[in-house]
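From first to last, the protein sequence lines stand for chains A and B.
Under this note's numbering, the first sequence is numbered contiguously, ending at residue 133.
Under this note's numbering, the second sequence is numbered contiguously, ending at residue 153.
By construction, these hints were calculated from the structure, which means they are not laboratory data.
Since we're looking at a predicted model, the values are computed, not measured.
All the pointers check out, no bait thrown in.
Simulated restraints, written as ranges between beta carbons of each label pair:
{"#": "1", "chain 1": "B", "residue 1": "Ala39", "chain 2": "A", "residue 2": "Ala98", "range": "38 to 48 Å"}
{"#": "2", "chain 1": "A", "residue 1": "Gln44", "chain 2": "B", "residue 2": "Gln25", "range": "38 to 48 Å"}
{"#": "3", "chain 1": "B", "residue 1": "Gly131", "chain 2": "A", "residue 2": "Gln44", "range": "45 to 55 Å"}
{"#": "4", "chain 1": "A", "residue 1": "Glu108", "chain 2": "B", "residue 2": "Glu138", "range": "25 to 35 Å"}
All C-beta atoms in this analysis are idealised placements derived from N, C-alpha and C, irrespective of residue type, glycine included.
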Amino acid sequence: MPTAIIIDDSPIMRAQLRRVLTSAGFTVVAEAGSAETLVALYEQFHPDLVSLDIVMPGRDGSVAAAELLGAHPEACVVMCTSLTSRDRILACQRAGVAYYLLKPFNPEHAAQMFKAAVERPRPGAHASAAVAR
Amino acid sequence: MSPAAARTLALQPDIVESFTALVVQCLRTTVGVDAVVAAVSEPRGALPTVAVALDLGGDVRGPVTWVFPPEIALELVRRLMADPHPDPETAADGAAELANILTGCATEALESRGFRCALGVPRVHTGELPGGITVHMETAAGPIELVLSLSTP
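Please put together the full structure from these sequences, using the hints given.
In structure tokens:
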């Protein structure tokens, strides 16, 4: 069963994402209200997917995504945001984020995106697999 | 800032109209509420029940303040948490997230005119409403007020 981490400062949004991820077959292994501990949580749990908000108190989600993907290019990050700002989305794309979930989202569409995101081959994951062999 | 955005008046009537149109559309999709713009004027000065402010930065700066009837905030909680009877104390969380979603959607009205916007974190607003252009919207659940206290740097 795939695993996920949720980073969002809104308790009700975390609750919705937990529900959607669970319905899509994920096990949510950790949640946080800020991105300060993102890399530490990732290294502790090695989740298959990270759902990450952008605008949060403290560290900006796009900065945290760049930091995570710099250290762990195999990470699968879905930005979950109400922002449509081109600058912020471009910043996330430059960091290697390929998936965006715009709030408000349809739970069924979100579940499909989460499943598709973890099924997509990732360069880092291939490299890890090659080393393991 | 693009040449189009170099105009000094950030809140021309067409921008307010576009911003509000996106708000009305997003309210319908987010909480199933049909809102009708009743007036655009100065703040009424009444103390809000559930008020949330977000600060915009970038080419257009200042707070965007929302006043929601608690029932609309709770409707978002109902929808997000799939809980038909949410705790009334979650209304503030619902209002904050709703303000975040609506402002994020509606800033497209600014971005499409070349104004770059950075959105801040929602915060509960207490006390009197700030000055600015106020959009009064009527809904079946009660009135919504949107105060745009924005200016160009």
